[in-house]
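Number of protein chains: 4
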Amino acid sequence: MAPSRQVINAQVSPKGSLETLSQREVQQLSAAGSGNLYQLFRQCALAILNTGAHSDNAKTILEAYQDFEIRIHQQDRGVRLELINAPADAFVDGEMIASTREMLFSALRDIVYTESEQSSLRIDLESSEGITDYVFHLLRNARTLRAGVEPKMVVCWGGHSISTEEYKYTKKVGHELGLRSLDICTGCGPGVMKGPMKGATIAHAKQRLQGGRYLGLTEPGIIAAEAPNPIVNELVILPDIEKRLEAFVRAGHGIIIFPGGAGTAEEFLYLLGILMHPDNQDIPFPVVLTGPQSAAPYLEQLHAFIGATLGEAAQRHYQIVVNDPVEVARQMAQGLKAVKQFRRERHDAFHFNWLLRIEESFQRPFDPTHANMAALQLTHAVPPHELAANLRRAFSGIVAGNVKAKGIQLIEERGPYEIHGDPDIMRPLDRLLQAFVEQHRMKLPGGAAYEPCYRVVS
Amino acid sequence: MAPSRQVINAQVSPKGSLETLSQREVQQLSAAGSGNLYQLFRQCALAILNTGAHSDNAKTILEAYQDFEIRIHQQDRGVRLELINAPADAFVDGEMIASTREMLFSALRDIVYTESEQSSLRIDLESSEGITDYVFHLLRNARTLRAGVEPKMVVCWGGHSISTEEYKYTKKVGHELGLRSLDICTGCGPGVMKGPMKGATIAHAKQRLQGGRYLGLTEPGIIAAEAPNPIVNELVILPDIEKRLEAFVRAGHGIIIFPGGAGTAEEFLYLLGILMHPDNQDIPFPVVLTGPQSAAPYLEQLHAFIGATLGEAAQRHYQIVVNDPVEVARQMAQGLKAVKQFRRERHDAFHFNWLLRIEESFQRPFDPTHANMAALQLTHAVPPHELAANLRRAFSGIVAGNVKAKGIQLIEERGPYEIHGDPDIMRPLDRLLQAFVEQHRMKLPGGAAYEPCYRVVS
Amino acid sequence: MAPSRQVINAQVSPKGSLETLSQREVQQLSAAGSGNLYQLFRQCALAILNTGAHSDNAKTILEAYQDFEIRIHQQDRGVRLELINAPADAFVDGEMIASTREMLFSALRDIVYTESEQSSLRIDLESSEGITDYVFHLLRNARTLRAGVEPKMVVCWGGHSISTEEYKYTKKVGHELGLRSLDICTGCGPGVMKGPMKGATIAHAKQRLQGGRYLGLTEPGIIAAEAPNPIVNELVILPDIEKRLEAFVRAGHGIIIFPGGAGTAEEFLYLLGILMHPDNQDIPFPVVLTGPQSAAPYLEQLHAFIGATLGEAAQRHYQIVVNDPVEVARQMAQGLKAVKQFRRERHDAFHFNWLLRIEESFQRPFDPTHANMAALQLTHAVPPHELAANLRRAFSGIVAGNVKAKGIQLIEERGPYEIHGDPDIMRPLDRLLQAFVEQHRMKLPGGAAYEPCYRVVS
Amino acid sequence: MAPSRQVINAQVSPKGSLETLSQREVQQLSAAGSGNLYQLFRQCALAILNTGAHSDNAKTILEAYQDFEIRIHQQDRGVRLELINAPADAFVDGEMIASTREMLFSALRDIVYTESEQSSLRIDLESSEGITDYVFHLLRNARTLRAGVEPKMVVCWGGHSISTEEYKYTKKVGHELGLRSLDICTGCGPGVMKGPMKGATIAHAKQRLQGGRYLGLTEPGIIAAEAPNPIVNELVILPDIEKRLEAFVRAGHGIIIFPGGAGTAEEFLYLLGILMHPDNQDIPFPVVLTGPQSAAPYLEQLHAFIGATLGEAAQRHYQIVVNDPVEVARQMAQGLKAVKQFRRERHDAFHFNWLLRIEESFQRPFDPTHANMAALQLTHAVPPHELAANLRRAFSGIVAGNVKAKGIQLIEERGPYEIHGDPDIMRPLDRLLQAFVEQHRMKLPGGAAYEPCYRVVS
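Same order as they appear, the protein sequences are chains G, B, L and A.
With the numbering used here applied, the first sequence corresponds to residues 5 to 462, in that order.
With the numbering used here applied, the second sequence corresponds to residues 5 to 462, in that order.
With the numbering used here applied, the third sequence corresponds to residues 5 to 462, in that order.
With the numbering used here applied, the fourth sequence corresponds to residues 5 to 462, in that order.
No lab work stands behind these hints, which were simulated from the structure alone.
Please note that a few of the clues may not be correct.
The list cannot tell twin chains apart, which means a pair is met if one copy fits it or any two copies do.
Unchecked claim - Below, in silico cross-link-like pairs of lysine-lysine (DSS-like), each with a Cα-Cα straight-line distance of 25 Å or less: (1) K19 - K341; (2) K172 - K344; (3) K341 - K175; (4) K408 - K175; (5) K341 - K176; (6) K19 - K344; (7) K410 - K344; (8) K408 - K176.
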């Protein structure tokens, strides 16, 4: 435990929030109730309270505040939370920062709802439509789906640990997006997840926009490592990464990809795999890859990798803009007009991209065992959108081997994953991964030299 | 079909509403979908569209607009309703009145939610707690439960078909309540359900209150006969009369009872039965019986009946105020202060009266067969709050025999109900019912002379 | 002093108002300051506080509350008013009704501003343009002129003392106007000045309109006799009747004339005189004369009088609608569309009718001495719009002789006014006045039989 | 003219603004009208449109856009501005940034009002009370004075051209102020005038504050050199520096002084001169001098100078905080509590510091001729608050000699000013000025080596 750790005890009530809970919900959430729900809420709450801190190591945080407790009370004015030994950084002169308070109650809302939904016969997680319906319900319950609002939610993907120059660049891009009255959606942590929101906040202030949206989509497994930044004014906790990715592409109207590591590559391949599906070929979906001048080599390499593996058809789904925030924003604004036009003509909702076909293979979790990794079909023998799906799984496994508890353990026990495939796919993959290592985009949280968790076998 | 019937075709979208529907919900609501849901929605919609009309005969309305259809479409800006052969009264120069539009989408919301909840394993309609939890969820989904708002929701009960003098009096009482910034909740039809809302609207305008609430609680079985008046700005459709009554006493903070017929007596006995329960004796719940000077004999008779059957203890639960709207409002405002104080001390929510004990006998439907009516224990041998429950059932049966399809049929087949009990209960009951008849409070919709559907046997 | 008079002492602060005063303004308004300003404010305040009362006799009110005082204090949160011996009707359970409080601060604002403007060299009351500019500044300072709002302010003129049937009719017309999202402007007293506002309030609630405007234009000389009704949510006190009439026709977009007495006839002739001016012939200005069935003879007589004196050309400036509120509202809504179209084409402001030419003869007070009355040119030798101006003056004199202190005294001293003119003008005038007397539209406040203050001499 | 200069033609209307103009006002503002008003408006408009640019040289800007024109039109929806050859930086994809548009209409409002007031007999610029009254009216007309709002307007003074480290520090301080829900007021240009507003914007977003105020007070003579930064959401143009300084100390509740040059010293001495006046000794007015670690020597030197010249009594009016934004914000928040308490007790308005005594010597312009500069009594023979006033004048002259057209010309013609005084005042003054030169706080806009415009003579 860090000796400088400061804690505080406090009571917070929602301010102007509509959240009300039933007696049974209060009971479930109490430590004495169904233990799981309490543990889940406690862990999310701790991550949210840790907003101001700089550690991205979930384990460290959880260990540092082992004596943290959160209790829930029913009161005259609704629910009140009692925090014991909470991180002091979430408070200003003893009072909790409003955004933190809001996010605590968002977490409460989502955890209660997810629990409740899982007991519903209506939810059918066995079918693709059922999963999509579930994602819709989670977002609707969080009041994220606003009927009648024109397409303007721009998703920003990229690394949570980037260079200062790259961070500043994301702020500038966010500023230009904000000047065009666009909203921002990210994975809600630091780095690329924060910069665009900060830039947009200043721009929205200049444009006198009061309802600018900074939507953060997260999941219980990642929230501790990537604590929501306090600009986020809508926080939604989806149950797992697949639901979260689907929420990004169905609630977002366009996507900007900034530099990042294996996780960003995974997201990019997920997106391309969906956009390349034959059923989706008419659906406009603006995608821009961008970064500052210093990131040009990175962008080129990623582009080359896509060309070499998925071909020109895949490259047509995005544009690359180097060091030009105004141009990024213009391209995005232009692309959103096409989205609006298309949804209007096809009677699809502005607030949820129903028409986008997402195959079950993208909706179901991939379990990165050594066997599954070795069995991935990384070959031109499968259609390009399936190859994209398989490449995405490969990166997913690498992320797990790098940072996830279970993956790390597997690697420790059985050595690096082996990845097989066509040589003209394996070589570019190897080069890309090598470049990530060289650019320190794969470094471990601790800062040790990177020891690859995979071995590419052509 | 009436020759003067005017119809209109129109398309309406929610304005500023948050309602969004999933594809599956849209499908369920379409005529081609699960037929029941469509029929239920069509019937509620027709009742809502009939707001301006004066008939309270559900059957008449349904027959007059047999060719009415309502279709639901998914669109870019959310859901759109298409109405075919809709009653023209709901429109002003071809445009639908905003309150009507709002209520259509409220009906949509409640029907979709009720359907969805019924498939949830979470809902336990077998236990008292489960039923209460269900009512809570229905109200919460309708955004009726607002955390942090101080107790000020005044329920007004009474007849929907009253004299002009009585109607004016309810407006005056509503005006005085509104001047004191109190909100109004009624069964949302005409008569007593409209007057207080109208008076409060004017008073809220004088007090410059923008968010005055006019909450209407109804049920599918009654909405056609008592079409929501257009002042209602929050409409909730509960699935049946028991849920609706529970919603009244849990969401309302005080109750005013104006003159009415057997239905009003039923509500009054329901309320007394609950308040007299030993567990509830400490819970403050302001109840005022009131009417204009001309209604004084009615009020006295009702009071005497309570005294004779349930005793002085029951009479202590309410006050009688004759012809004095200011005094009614003052008593209510005073009573609400006690409610606030109590909820604060006991940590009960302002927005939902969790502490009020409602026994299962009040939560379960009473089936008014001849056998059930004859078996009612109307005797001092049972505790007073159970006697109140049984008297309530007796009135419930009489209402059914008077106006409900199934009850009317039973009476036609088997003659009037027989009601048995202690003579000192039966005599006052007989006198009260006789008085209702004489005061034309039991007259049938058609206006024919009243033929009693019951026979009191002491 | 009436024995039943109830008084109250209270302190009120503006709620959410923007009013702030300089130290000098506070000083001027104090009793010890410039006495005139204090007296003016005290008198207006007393009228406003008297809202709930039914007397329309200014003198009576002023006498009943001789010991009423109003003090103004500078405080941390702005200005606070201290009321001593104020009429108790303005309070609900000891707290002032919000609309009354708002109006007190509106009066403060207008009195301070008028005083300040009168010391400005910028104001030129010698020229027609200067007077119009002054009216503009008074309305702008009262925040009555809202840029960008489409034409929808409907002025309602008519008597403040009308029959119950006529009053109910004005409510219905207001309701239909409100359903069409139109706003209401009146002279802000009772009768016709209240009914349409009340009807519109209910209709605006049904249409979920939050910012419905109920604009009352009054003057210090009349406010005591016609206390602002509490529905008024914008009160402006213009310095005299001519400024007030100009404010009506420049800020209003259409006018409805309900039955009234000599005052209403004066307003009607003022309006016709302006609309008949050759410079105004292209300017659309919807005018509707209306009343319930019982008022049909009144409307016909007025119409005939206009035809007989000002001719068919004058009659083309208005429409008559008998007993049909829906038709009145439709005609008005239709007319307002033309107004909008015209202002757009001619670049005239929606919020102020700059293009309307109002001659100085309409802007300057008419002093109803016997000499001036006798000298009125009521002859076809003058152009019709001047004849209208002169007829308006004749009615103005009659109003003065009926109810204004100075006029009454003149009549007492020198007998009735003599009015001369062409016989074919004098005869209809005589008939009209006679009809007013018979219909009790000229009865004195006290209720005594009407003794004419004029003599028509053909 | 710069070759890269980009211009745009555009039409703008106020959005949601309440501004309406009379025909006469429109006429006055047109180029054909009273030329002075047009020139003044054109110059302010150009400065506002130049917001995005980095030059602080007013002359450069005016010359670069010699063909810029601004025309004003009356239209249906109010006033519309037509811009010809306007700087393109004020637009995003052809549409004007909302804050710029708002500021244009603020300038319009203030210029029209100032012109109108100057023709008012009410305004008495000959007396101290009259000048204060005038400042009050200017601020009130700009809706800057909000009754009922608790003291939280923090004025930030300092240089407009500071180091990056100092700029970042001002952002951090603004962030901490914003986290404590405090508002920011500055001279509305770049540097210290922008940093705190930017930091507060992010903090207000975190605290979910919607109405955060960023008040910029400027004057026609300086606006071109210090174009309002686009965060400013309330812009007020005061007629000259003395009115502007008075506006700062009467509308602000506390003052933070960041590093700056002679201008900042002038402001600091102005403030001390007022606070040291015997009449003001009970009035709480929190003042904090602060800067990052690198500015510590600057702060110490300034502090030493105050001690040496005005003594310990002067030093007691402020606190020095080095490199601790949290402490600055806490001190300020603490000080504001005392301000609130004091105003409440003494019935002084929260929104305007009436009780603060400002002598005429502070309210009247100082004309920095060589004679006036030489005659300044910089001696302990005068009371300390007068000495402060005289020192302020000395700095005012130095600022003029450095950057103002008239001052520069005087220096060119007659050589540097001579400043006389007691040796123990002259020596510290000389040292301070020398330090400013060494720290590049007196460098000329062009960047040339600084040639002192004064000569200290002990």
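Under the constraints set out in the numbered hints, which ones does this structure not fulfil?
2, 4, 7, 8
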